[in-house]
Amino acid sequence: MTRSVVRLVLALALVPAFFVLACSSSSGSGPGGTGGDGGAVACGNGMTNCNGECANLFNNPDHCGGCGKACPLSQSCAQGICGASCFGSAVQCGSVCVDLDVDKNNCGDCSKTCLPGQVCSQGQCGSACSGGLTQCGGACVDTGTDVANCGTCGNICGIGEFCSQGACGAQCSGGLTECGGKCVDLTGDPNHCGACDNTCAIGAGEVCSVGQCALSCLGGTTNCSGKCVDNSVDPANCGSCGNACPGGQVCSAGSCGVQCAGGTTNCANKCVDTTVDPNNCGSCGSSCPTGETCQGGQCTLVCSGGLTKCGNKCANLSSDPVHCGSCSNACSAGKQCVSGTCTLVCSGGTTNCSDQCVDTSNDPANCGQCGNNCSSGYSCISGTCTLVCSGGTTKCGNQCVNTSTDNGHCGACNNSCPSGHVCQGGSCTLVCGGGTTNCGGSCVNLSNNTSHCGGCNISCGGGQVCQSGSCITTCNPNTNLATSATPTTSGGGQNSLGYGPNRLNDGLLEASCSTGNYCWIDAGTSPGSGWFEYTWSTPQTIGRIWVDTGVACAGRQLAGGTVQYWTGSTWVTIGTVTGQTGDWNYTFPGTVSTTRLRIFGAYSSGAPNPSIYEWRVHGC
Numbered sequence: 001m002t003r004s005v006v007r008l009v010l011a012l013a014l015v016p017a018f019f020v021l022a023c024s025s026s027s028g029s030g031p032g033g034t035g036g037d038g039g040a041v042a043c044g045n046g047m048t049n050c051n052g053e054c055a056n057l058f059n060n061p062d063h064c065g066g067c068g069k070a071c072p073l074s075q076s077c078a079q080g081i082c083g084a085s086c087f088g089s090a091v092q093c094g095s096v097c098v099d100l101d102v103d104k105n106n107c108g109d110c111s112k113t114c115l116p117g118q119v120c121s122q123g124q125c126g127s128a129c130s131g132g133l134t135q136c137g138g139a140c141v142d143t144g145t146d147v148a149n150c151g152t153c154g155n156i157c158g159i160g161e162f163c164s165q166g167a168c169g170a171q172c173s174g175g176l177t178e179c180g181g182k183c184v185d186l187t188g189d190p191n192h193c194g195a196c197d198n199t200c201a202i203g204a205g206e207v208c209s210v211g212q213c214a215l216s217c218l219g220g221t222t223n224c225s226g227k228c229v230d231n232s233v234d235p236a237n238c239g240s241c242g243n244a245c246p247g248g249q250v251c252s253a254g255s256c257g258v259q260c261a262g263g264t265t266n267c268a269n270k271c272v273d274t275t276v277d278p279n280n281c282g283s284c285g286s287s288c289p290t291g292e293t294c295q296g297g298q299c300t301l302v303c304s305g306g307l308t309k310c311g312n313k314c315a316n317l318s319s320d321p322v323h324c325g326s327c328s329n330a331c332s333a334g335k336q337c338v339s340g341t342c343t344l345v346c347s348g349g350t351t352n353c354s355d356q357c358v359d360t361s362n363d364p365a366n367c368g369q370c371g372n373n374c375s376s377g378y379s380c381i382s383g384t385c386t387l388v389c390s391g392g393t394t395k396c397g398n399q400c401v402n403t404s405t406d407n408g409h410c411g412a413c414n415n416s417c418p419s420g421h422v423c424q425g426g427s428c429t430l431v432c433g434g435g436t437t438n439c440g441g442s443c444v445n446l447s448n449n450t451s452h453c454g455g456c457n458i459s460c461g462g463g464q465v466c467q468s469g470s471c472i473t474t475c476n477p478n479t480n481l482a483t484s485a486t487p488t489t490s491g492g493g494q495n496s497l498g499y500g501p502n503r504l505n506d507g508l509l510e511a512s513c514s515t516g517n518y519c520w521i522d523a524g525t526s527p528g529s530g531w532f533e534y535t536w537s538t539p540q541t542i543g544r545i546w547v548d549t550g551v552a553c554a555g556r557q558l559a560g561g562t563v564q565y566w567t568g569s570t571w572v573t574i575g576t577v578t579g580q581t582g583d584w585n586y587t588f589p590g591t592v593s594t595t596r597l598r599i600f601g602a603y604s605s606g607a608p609n610p611s612i613y614e615w616r617v618h619g620c
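The opening position of the sequence shown corresponds to residue 1 in the numbering used here, with each subsequent residue numbered one higher.
These aren't lab readings, by the way, just hints derived from the structure by calculation. None of the hints are false.
Pairs of lysine-lysine residues, derived as DSS-like cross-links and limited to a Cα-Cα distance of at most 27 Å, are as follows: (1) 335 with 313; (2) 309 with 335; (3) 69 with 104.
Model the full structure from these sequences, guided by the hints.
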């Protein structure tokens with residue numbers, strides 16, 4: 001199926017009485033092309049012979065703008081250009097854009113066809129054109145604006161041209177404005193009132209008067225079918241609404257005639273006063289620029305609406321940066337005219353502070369608000385003055401501190417060093433005085449400390465002492481350090497019978513099991529919790545012990561136990577003695593300095609209750 005057939009089917013489906021183009025005895029040419037080889041076929045005004053078919057190149061979708069230039073099925077042809085919708089006041093009927101005011105096949109409404117011999121004028125079928133319209137090829141047209149009959153019937157404007165005041169041109173003239181490919185009068189057109197496509201609410205009774213939608217006509221004009229007209233010169237409403245002048249006549253002083261009267265001039269079939277008409281000032285088609293009026297046939301600048309004439313311009317002194325407050329008072333760069341005063345207007349989130357645009361979120365002189373100056377050492381962060389520390393310091397509260405050396409903030413904020421300590425390298429360190437040295441967190445005298453003799457962690461050997469920072473052997477292996485100690489036990493022997501702890505260091509050795517010069521405790525034949533202990537008032541250097549146990553008391557000999565010394569906070573094991581059946585010695589792996597010494601977990605060799613006649617303690 002051909003494109004023409006498809007379009008015809010679509011058109012017939014939408015418009016049952018779709019018209020068939022009629023060709024007359026004359027030929028014509030249209031925009032974008034000339035007639036084809038139709039031979040004997042002759043077309044009327046506004047029609048073009050396209051291979052034997054008379055086509056209107058302005059609205060025929062098969063020959064849009066030129067013979068054979070077909071529009072896509074979803075588009076129509078308007079003003080010789082394919083598009084998705086019709087331009088200006090044209091209405092789509094089927095696949096064709098038509099003017100319901102003058103199309104005799106769609107007169108006033110799609111598919112409303114005038115009878116043979118009738119024409120369509122202002123949307124009404126009649127015997128002749130009225131309202132200053134001219135019959136061209138059976139249609140009533142306004143030769144002042146019709147691009148297919150511009151000035152005279154059959155005078156077709158080129159593609160892209162407009163018909164204004166009966167002349168083709170690249171732009172509209174006579175005060176008319178191009179809207180959708182058609183020159184219109186923005187001062188009175190209800191579909192383009194004041195601006196293109198600004199439609200007045202005609203259904204609500206609005207009209208377009210002096211370029212404004214209103215409920216009544218202004219400036220002495222009359223509301224005729226929703227349009228404000230001047231009955232003294234309007235050929236379609238001459239003297240009164242609906243009184244249209246016959247074709248070829250004009251309306252002058254409210255009466256139809258063949259020529260203008262009362263000193264008016266015929267401009268595009270309208271009688272105008274060229275002394276005051278801004279669209280025809282001094283002569284037909286001489287339009288005054290926007291903002292000017294016609295006075296005595298000359299365009300003159302007249303300012304209104306609160307504007308002031310400054311040279312050749314109407315200026316708003318309250319907002320014009322070139323004429324701010326008064327003519328020629330120009331605002332400097334970066335300032336705007338606000339209420340007639342040159343004012344710095346800040347943008348991008350900045351604020352005007354003393355005639356300067358500042359960012360109050362980071363400006364230390366205007367932090368959070370104008371005039372809020374941050375103190376020295378503070379920066380403006382998110383609109384708040386904030387202490388910012390540098391040089392390796394850390395913010396602790398409202399001050400910057402060096403956590404490597406600050407005793408109140410050592411290593412971290414609020415970590416205070418205890419008394420006698422200083423912060424070194426971020427750690428609290430003990431500071432020793434009186435000639436002592438910090439060794440592992442304790443202050444010691446390196447000149448006489450056997451565990452730190454001459455230096456931290458330098459221990460003297462068994463039988464040695466520390467003198468002037470050197471380990472020397474001065475120990476007498478026969479000196480019994482136990483004689484100055486206070487003995488205690490875990491319990492068992494009774495002092496009233498002479499078997500108490502005081503027997504451990506009374507200097508009396510073993511005689512017989514029946515004598516009372518020994519000490520015994522409640523304990524079994526395996527390690528338990530019983531103990532013998534010595535306590536000194538001053539530290540003693542100890543390297544060996546000797547035990548005189550009760551051989552005469554068969555089975556009650558001290559068979560062994562764990563030897564421990566007191567560090568001041570806990571018991572430390574030196575070694576363990578086992579399997580003894582008589583008197584025994586135990587030499588320490590190394591000397592210890594302590595105020596307490598004990599044999600813990602003591603047990604007997606055969607019978608319960610181990611006994612000791614004498615327990616000696618030696619430094620070597």
